[in-house]
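Visitor: Fit chain D to the given chain A structure using the hints.
The lines below spell out each chain.
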Amino acid sequence: MHWLARQLLRLVIVLFCVTLLTYFIVNILPGDVAIVILGSLATPQDIAGLRADLGLDRPMLVRYFDWLGSALSGDLGRSYRNGEPVAQAIADRLPVSLQLMVMAQILALGIAIPVALLSVRRPGGLFDRMSASAAFGFLAMPNFMLGIVLIYLFSVTFDLLPATGFTPMSEGLWDNIVSMTLPALTLGLIEWTVLMRVLRSDLLTTLKEDFILLARAKGLPPWRVLLQHALRPSSFTLITVLGLNIGGLIGGAVIVEQIFALPGVGRLLLGGIFNRDLILVQGTVSFIAAGFVLINFLVDMLYAVLDPRVRYARFRS
Amino acid sequence: MGVISRRLGLVAALAAGLAAAPALAQAPTAAPVKGGTLTIGVESDFEGFDPVKAGVYSNSTVTAASLFYETLMRLDDKGNLLPALALSMTPNADGSVWTAKIRPGVKWHDGTPFTAQAVADHFNRLLDPANRYAGRAYLAIEKVEAPDELTAVFKMRGPNAALPKTLAQPTVTTLIIPVKQALEKGADYNRNPIGTGPFVFKEWRAADRLIAERNPNYWDKDKPYLDRVIVRPLPDSDARYASLVKGDVQVIWEDRAENILKARKDKNLVVLNWVGSGALVIPLNTQREPLNDKRVRQAVSMALNRKANAEVLTQGLRPVHDDPYGPASGITCKDNGALKYNPEAAKKLLADYGKPVKMTMTVTATPRGREGAQVFQADMKKVGIDVEIKPVDQTQLVKETLSRDFQVTGWRIIDLADVDPQMFANFHSKSPINFSGYNNAEVDRLLLIGRTSLDENKRKEAYCDLIKILNDDAVWLWSGSNTDFAITRANVRGIPGLRGGAVQVEAAWLAK
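As they're listed, the protein sequences go chains A and D.
Heads up: the first sequence begins at 76 in our numbering, then just goes up one per residue.
Heads up: the second sequence begins at 10 in our numbering, then just goes up one per residue.
Bound conformation, chain A alone (with noise of 0.2 Å):
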């Protein structure tokens, strides 16, 4: 426990100076609320009466504590653009964004695992080649590009997904997944291929251990020395990249949202940028960091199921 309880101070260390550092950043960033609300005619007199309003004519570290004494009892703000508050704006996007990246992590790993797989049977064989060849090659594609790809492919050429849009699961969950499908493998086809190389690349090294070679030795089926006793420890890597790659996902979700007129948080961000609404920047970013800190602080954690050594070092520690 007294390794759980150094892990929950660090992780809130992590989570004080991420909102500290996001206030800063998205403070310094040139615009003006006050002008994208009043637009490019209002007096001065307006603007400044309008900052006010809004409490931008404080100085920036009493405005930062204010903000985070409200943000620690949940409240996140209002949207200087629209009024609407932060948090709430952030739960009524959050299904999407979540169910965007489940799936294109699910995608990711569904075609990374079977191809990692194919390819460890015969190493430097023609699989092998081929995966590797189309794994850099879906690594090296923007994602804004590879989603009007897909788009013109399974929507305008084939007619079979929608190009764009959303239908909440309130009115279908099969409608639902359809709409979901093209945004999730655009971002499932860049995330496979980092999964699967490292799977590769540690399925190797595992194949190389003397418990696989006893799992041959009494006659076990490639599949089954394959699946039951080299994919587990081989995974650890995949696992830590899983949780790292976290990061990389909600960027790809911000675009991928926006091409795909999705309403996820990506979206929200992004419009509040645009629009220098700097209280729903700080609000989302600083969810975003959080998720994110708090995903790798369960991955850590997930160590400790996969592997019993890591459990029983982290005792003793």
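Calculated from the structure, these hints are not laboratory results.
This one's a predicted model, so the numbers in the text were calculated from it and none came from an experiment.
Derived coverage of chain D by chain A (criterion: at least 3 residues anywhere in the stretch with Cβ under 8 Å from a Cβ of chain A; other residues may be distant): (1) 143-149; (2) 210-218; (3) 243-256; (4) 392-403.
The beta-carbon is built from N, C-alpha and C at its ideal position, and this holds for glycine as well.
Guide: Frame of chain A, contents of chain D only:
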């Protein structure tokens, strides 16, 4: 004159170098068909529908707001006034008071009657400085009174000829909202609007869609033809275009040249093109060296190859004019005194000036802003003017420009039905928005004629005299017209000219 042209008509018009094509794209050759759902793809999400809270409406928001809000008067594509919520607007002898006769029997969507008091409440709220509505700078209205239920009286700050047309174009200012209901609903109103218009607001899912349904009690009994309209913000232009090709949406607003050119070759699509009033402009600060010298400004004007640049930057889609009026304003001048492209003459003027000329151009830090600045820089270099480009954030550009902290910048005169509000604001020496610091007594006099004369011909003459002086003084350079495009599926009919870039569907219908 506004332009809506079918694909071939537009190609022919552009090939001939004409701004105006006579053909109307969606001429109703058959009787309108009732029913159906029309989905429109726009560029951005909506700011909200309370003008005081939203402050500004983008053209996406005007597209949505025009479904449920209306203006007092309307304009046809030739700029003629038509009755809407008001049956007529008549001036007193000098145009300092305008009386609007309100259409009887009109109801808000909540069933309460629409009266002159609602008109007065709407405009007086925008004019109240406590509400900080910035658009009031353009309104020459002192206050609005409602002596009886069907009469609204606009008391102007002085004689004003432009009011009816100004109130006829749908904008954040002119689309009338029910102030009483808005105040009762409080913060909630901004996202749940009530209007008198052809469609009733049903639902707005932020960043996803806005849904409006046919108003069965609409005062124009024949309209609207559609049962339902959905407006979807689709920010990525390629994905927006793909959604149209796929048929997920039936109309899109578009500004990407590649997509517009592609659509013209697609027989399933129709391109609507509107060349409005106003212009894209390059203001020069007449109060700052070296641009306080007329010779330098003229040299800049003659060194800038506006037509070639517009061709490069917009693939020929946005024609360049020699005035900021544009075809939709109805003002055509025989002689506008434009300084033609002439780098040799520019060099002579600079030699006469006798000192090295350097200047900074402030532009938005966007690809479009940078491209515009780069062609300006390249043209100036050819005559020996050294231009430094300063890319800044949009709001920073507004701040620096309005505080006259610039030498050269990029700006836009928006598409309005009457040129007075913008011309007066930009060039009258007493205007707080005259950020070029231009001061010319004759220009002030002509602007006053344009603002106050009730004789339309006299006004046009004044604006033509005015443009000669402005062009000769090279205060602002006109770099392109306000051109808007929408693309529809071939079966969509009845969409009028895209005034201000908004797609209006009150009279739209879907052919079988």
